[in-house]
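**Student:** Residue strings, one per chain:
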Amino acid sequence: AQSVTQPDIHITVSEGASLELRCNYSYGATPYLFWYVQSPGQGLQLLLKYFSGDTLVQGIKGFEAEFKRSQSSFNLRKPSVHWSDAAEYFCAVGSILTGGGNKLTFGTGTQLKVEL
Amino acid sequence: EAGVTQSPTHLIKTRGQQVTLRCSPISGHTSVYWYQQALGLGLQFLLWYDEGEERNRGNFPPRFSGRQFPNYSSELNVNALELEDSALYLCASQSFGGSAGELFFGEGSRLTVL
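These protein sequence lines map, in sequence, to chains X and G. When the letters of the first sequence are read in order and numbered with the numbering used here, they come out as residues 1 to 116. When the letters of the second sequence are read in order and numbered with the numbering used here, they come out as residues 1 to 114.
Same shape as in the complex, but just chain G (with noise of 0.2 Å):
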């Protein structure tokens, strides 16, 4: 069984530009989650996606956001592109009835913002 796939692994963009970081979740997996993982700051939950809406959100402004896809596929865009927001994008999926907080990671998108 496949696992949480994200593409692309590695990417470099300049300041102002804007990225669409996209995640495929393990097949039956209903849920997508985003975090973004910046050195310094740890891992920070981004936004939760459910059956096509967008539920939750963490403490990050507008310019990031995303949309999931009848076939449960999620994307995350960031628009006008800042030098923090260099960091890795992990994408992590779960089951509907799943363990309470077990999500299933991808291996991320590494963004470069220069």
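Here chain X stands alone, though its shape is the one from the complex (with noise of 0.2 Å):
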């Protein structure tokens, strides 16, 4: 069965400095795979996804993401945090169920606090 492991739970940056927020998969065939943000009271947004391809994608809000398969991770970065990136991050994997729909199985997420 797939899984998500976000091993930070917390985790807390000043404006303007990078951000590297860690996912590692467990999946036995070609992942799909996510990152979402929630906002406070808010669902959850698409920030980006890698299916195949290029291993770097880039997202919405200035976020990239890089897929390493050897260390089965997809880690999501940023160059310069804003303090509007203060969030709930979660790293998924999608999974094809029987009949063709989508299932997500998502990481125990990230919450990231930007200090002014």
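In short, the hints are calculated from the structure, not lab data. A couple of the hints might just be wrong.
[Stated by the list, open to error] A few chain G positions that, by computed beta-carbon distances, are all more than 10 Å from chain X: (1) 13; (2) 19; (3) 112.
[As the list claims (entries may be wrong)] Calculated cross-link-like contacts (lysine to aspartate or glutamate; reagent style EDC-like; alpha-carbon spacing at most 16 Å): (4) X/49 with G/102; (5) X/103 with G/102; (6) X/103 with G/54.
Keep in mind the model is a prediction, meaning the values are calculated, not measured. Virtual Cβ for every residue (Gly too), placed ideally from N, Cα, C.
Starting from the two chains in their separate frames, assemble the complex, guided by the hints.
**Tutor:** Here's what the structure looks like:
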């Protein structure tokens, strides 16, 4: 069965500093990988996704992530964090359900705090 | 274009009661997914509806059920509420043939069971 590990529950960075959020996955085949962000009181918003091809993917809000098959990782990065980036970030691996639907298995999330 | 809308946004119930949560998908989306986000348990897949049929369910008891209507909106019903059902229930939709796994989430219905 697939699983996702986000080893950092909380991370605090200063505004303007770089950010890296870690994600490790377990999946038997080529994974579909995602990063979602959840602001307080909000639903989940897709930041970026990896299906195949270039292992460095660009997303919205200046985020990028790199897929490393050898390390089973899909870490999220941003070169310069803005105060508005404070939120909870979820890494997810996608799998195909019987019947063709898509199941996302999420990590437990990383809460990002940005210090001004 | 309106996103995924859910109602109610917040509700409080007592143990043993029943609750119905509603979800309207993005126009043109035919698949609806329900997830439970409980404190300490993360996001768990609950149910998947497509074209009016329940297609798959996660590891939840039968008292979690729902349906999808001809207009693709969906309801999630939880019977015999237990304290551990307190959670944020998120609905997500996906278009037919949409990018694998790219789900569009609503803001959720926060259920508190006392």
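**Student:** If a hint holds in the structure, say so; if it doesn't, say that too.
**Tutor:** Evaluation of the provided hints:
1. Here residue 13 of chain G stays apart from chain X, with its beta-carbon at least about 20 Å from theirs, past the 10 Å limit.
2. At roughly 19 Å, the least C-beta separation between residue 19 of chain G and chain X is larger than 10 Å, which holds for a residue marked as non-interface.
3. At the 10 Å boundary, the C-beta of residue 112 of chain G stays outside the reach of chain X, the nearest C-beta of that chain being 15 Å off.
4. For the suggested pair residue 49 of chain X and residue 102 of chain G, the alpha carbons sit about 8 Å apart, so the restraint of at most 16 Å is met.
5. The hinted pair formed by residue 103 of chain X and residue 102 of chain G meets the criterion: a straight-line CA distance of about 10 Å does not exceed 16 Å.
6. For the suggested pair residue 103 of chain X and residue 54 of chain G, the alpha carbons sit about 14 Å apart, so the restraint of at most 16 Å is met.
Every hint from the earlier list agrees with this structure, and none is contradicted.
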